[in-house]
Amino acid sequence: MAENAERSEETLYKPSPKSIEREKQAMEEEPIEDLSSLLLPNLNDLPQNPPTAVEFNFSRYFLPDFTKPGHDQYIYRHANGLCVIGLAQAHVALKEEGGVTAVDFNVGKSDRSELKVTGKRKRNAQHFESNSALCKVCTNDNFYIVRCCVKGSLLEVNDRLIKQPGLLNSSADREGYVAIIMPKQGDWLKIKDSLLSYEDYVKLRGLL
Amino acid sequence: MTSPGPAIEWQTALGNAKLCLPPCHVIRDLLSTGVCVRCIFRLSGIHDRDCYISPINESELISVLEEQNEIKCNSTTSTNCCVCLGVLCPSCVVPEKPGADLREISSVNELALLISDMVKGEQYRIDEFSLEVSLPPVITANERALRLYLKQKYEKEQWFKDSFLRDHMSVKDTLKLVLNASLENYLAVQNVETLSSSFRIRLTYSHSETSQKLQSMLPNGHDSKKRERGSRENGSSKNCNEPDASAYRVLELIEDQNFCAQFQVPPGKVDKPCQLVVACCRTPTYIGGRYLKYSRNVSQSRWIIDDERMGETSVEEIIGENVRQICQGDGYKFHSAGREDIDVRMLGSGRPFLVEVSNSRIVPSSTEIEQISDKINHTDKKLVGVKNLKLVGAEAWDLMREGEAEKQKQYAALVWISRPLNVDDVCNLTSLKDMEISQKTPIRVLHRRSPLERSKVIHWMKIEKVEGTTQYFLLHLCTQAGTYIKEFVHGDLGRTHPSIGSILGCRAEILQLDVTDVKMDYFD
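In the order they appear, the protein sequences are chains A and B. The numbering used here applies: residue 1 is where the first sequence begins, and numbers increase by one. The numbering used here applies: residue 1001 is where the second sequence begins, and numbers increase by one.
One chain only, chain A, in its complex shape (with noise of 0.2 Å):
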């Protein structure tokens, strides 16, 4: 230790057994300055751009024309099973004049915003199909329907998206996701296969 070193340059006797008892209990006691030098991260460590939170604990994959041309869908997994649901950065929705307008979680049969999923168990989640309806995007001029992509159970979706539709616009791959599903294992190796990895949909899509 350095402080070490200082006293045996300035000392040139052996300090006694008593002060290196003293010494050796003080330096277990972790001082506060110690709590510091412990806290700051090495220079050397610091990345320039850090992996973004999705990036790091999600697997990212991609469906470009998901039922229809242009419809391209994101699912990220996470480690725990669950899949968020949401737009992906070439959606058709996307590229028009004044871009998404509002969404409405009202299609098929039941509106989506509307369901109460509670504990543990996640009872009360209502079952859904790879191309069943979520919601429906609204642009100028078009509307688009956004599906599952995955089979599940429905936890949650995005209801922000209902008064803030320009969450999609901004960052539709972070505060703009559009829902959370709950797959069987089962359900999800069945599709895994079928879908693009991140580095592949930017080469398909002609991106960055």
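Since the hints were made in silico from the structure, they are not lab data. Take these hints with a grain of salt, some might be off.
Stated by the list, open to error - Calculated lysine-lysine pairs in the PhoX-like style (CA-CA distance at most 20 Å, straight line): (1) Lys1433/B x Lys163/A; (2) Lys120/A x Lys1440/B; (3) Lys1440/B x Lys116/A; (4) Lys1440/B x Lys122/A.
As the list claims (entries may be wrong) - Which bits of chain B does chain A cover? Going by a derived footprint, with three or more residues having C-beta under 8 Å, they are: (5) 1246-1257; (6) 1265-1279; (7) 1468-1476; (8) 1491-1498; (9) 1508-1521.
Said to hold, decoys possible - Sample of chain B residues at the chain A side, in silico, Cβ under 10 Å: (10) Tyr1294; (11) Arg1345; (12) Leu1347; (13) Gly1348; (14) Lys1440; (15) Glu1464; (16) Lys1486; (17) Glu1487; (18) Ser1502.
Glycine included, each C-beta is placed from N, C-alpha and C at the ideal position.
Since chain A is already given, all that's left is putting chain B on it; use the hints.
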């Protein structure tokens, strides 16, 4: 154990006891019914231990009472009392080792020696003990039957009216009276009466022959809940409490008339004595303190998925195992005031924890506790550390849980934002005091927790710049217990709001998290 004391001692005691005993004809009656000498003594209200350890037998008792010398009586009784079933004679059979052959015990000395050998064999270090005795309900029934018999036969007699049977001792108390002193001698420690010692010696007596008869005799109410404790095949000693408890309940409720109709009055003689199982155990030992976690690859509790362990090891195992070893216990349970993720370090004050050791052979001294501390703190890999380690009482558990929701926690997060940090940002964040945020159940735990929206408080925040960078900084914050810090930084796709990102109007990511303080008084 000293040889049976000089005849003088118990002769004197007996002389005094005579005053309590019923008249001779009653005693003859009792003896021929099959009641043992000691039961007679206790029912008569004799409390002098010397009377009980005297080697007097039935015929000698008669001789003494009738003040005759060497006159042999012809009242031969079976060796097992019809009331206490041999418990006080003492006579019982004990398995030498679990599942092995049965061995007969026929003296207090033998019994005390057996028990003390067991205690020493397990290498318990004790400074006191408590004796727990469990008797089969049939003994209570026997006693009741005998009292009813005596009442029916002698209630008109004077001695009976003079409050006979009021001042009697129970079989349990008599056994303890007889045994405790011998045990104290062999174990060289004091007995503590009221089960307040942490070291318990449990004697469980059972008598299958009469117990089965009793069960079938009593009106129903106990459907077999015997499967509760994973019932074993051997029918002899049933360790389940359910049938016993319900039998006692029924006995309490049944009226004398019905009782006499169902049960033999006076109780019948038995051939075999009780079977005894001796068990000793220490109540849980609690060691508490605070732990620190220096590694980002150590989970708090054992974490195994599909036979594969997550992380290098766990705080629970490092601390629990070391404590268990030094206490020489059978097992341990680890409790803590909250927990942190595997990739989050626990620094600063440390987190309060409690290790519960079961059946510890020793209760550690402060030197031994220091040993545990040293062992944990001086391993090669500095993964986990402990502070303020000490022996605590059972109340520590409640103290730790108390007010959990109110406890504040302090953290240091390494944050990156998508644009350079400026002065306004710092002012912005540091000016926010007791800010309420709303967190939907984070996606990363949504699979196993209820989907709820929880309101939490961020008490204060401080920014520490990181030299050499513009987009990184250390965020120090103090929050309400239960706040998800990672989600507060990156926003969890907007499901936590406000978040650092939303407050600063840019994207924010968290790279590292450390817990720097867990405020709790008790474990300091």
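How the hints compare with the structure:
1. Between the alpha carbons of Lys1433/B and Lys163/A the distance comes to roughly 29 Å, so the proposed pair goes past 20 Å and is violated.
2. For the given pair, Lys120/A sits about 14 Å from Lys1440/B by alpha-carbon distance, which is consistent with the 20 Å threshold.
3. With a CA separation close to 14 Å, the supplied pair Lys1440/B and Lys116/A stays within the 20 Å bound.
4. Restraint check for Lys1440/B and Lys122/A: the C-alpha separation of about 15 Å stays at or below 20 Å, so the hint holds.
5. Under the rule that three or more residues need a Cβ within less than 8 Å of chain A, the assignment of the region 1246-1257 of chain B is violated, with 0 such residues.
6. Under the rule that three or more residues need a Cβ within less than 8 Å of chain A, the assignment of the region 1265-1279 of chain B is violated, with 0 such residues.
7. With 4 residues having a beta carbon nearer than 8 Å to a beta carbon of chain A, the region 1468-1476 of chain B meets the requirement of three or more and the stated coverage holds.
8. Coverage of the region 1491-1498 of chain B by chain A holds in this model, with 4 residues showing a Cβ closer than 8 Å to a Cβ of that chain against a need of three.
9. Note: the region 1508-1521 of chain B has 6 residues with beta-carbon separation from chain A under 8 Å; the three-residue rule is met and the coverage holds.
10. At its closest, the beta carbon of Tyr1294/B sits 8 Å from a beta carbon of chain A; the interface hint therefore holds under the 10 Å criterion.
11. Annotation: interface hint on Arg1345/B holds; nearest CB of chain A at approximately 8 Å, less than 10 Å.
12. Here the hint on Leu1347/B is kept, as its CB sits about 6 Å from the closest CB of chain A, short of 10 Å.
13. For Gly1348/B, the suggested interface contact is upheld, since its CB lies about 6 Å from the closest CB of chain A, less than 10 Å.
14. The interface hint given for Lys1440/B is met, as the beta carbon of that residue sits about 8 Å from the closest beta carbon of chain A, less than 10 Å.
15. Because the smallest distance between the Cβ of Glu1464/B and any Cβ of chain A comes to about 8 Å, under 10 Å, the interface hint for this residue holds.
16. Taking 10 Å as the C-beta contact cut-off toward chain A, the hint placing Lys1486/B at the interface holds, the least distance being around 8 Å.
17. With a cut of 10 Å, the hint placing Glu1487/B at the interface with chain A holds, because the nearest CB-to-CB distance is about 9 Å.
18. Given hint, Ser1502/B at the interface with chain A, holds; its Cβ is 9 Å from that chain's nearest Cβ, closer than 10 Å.
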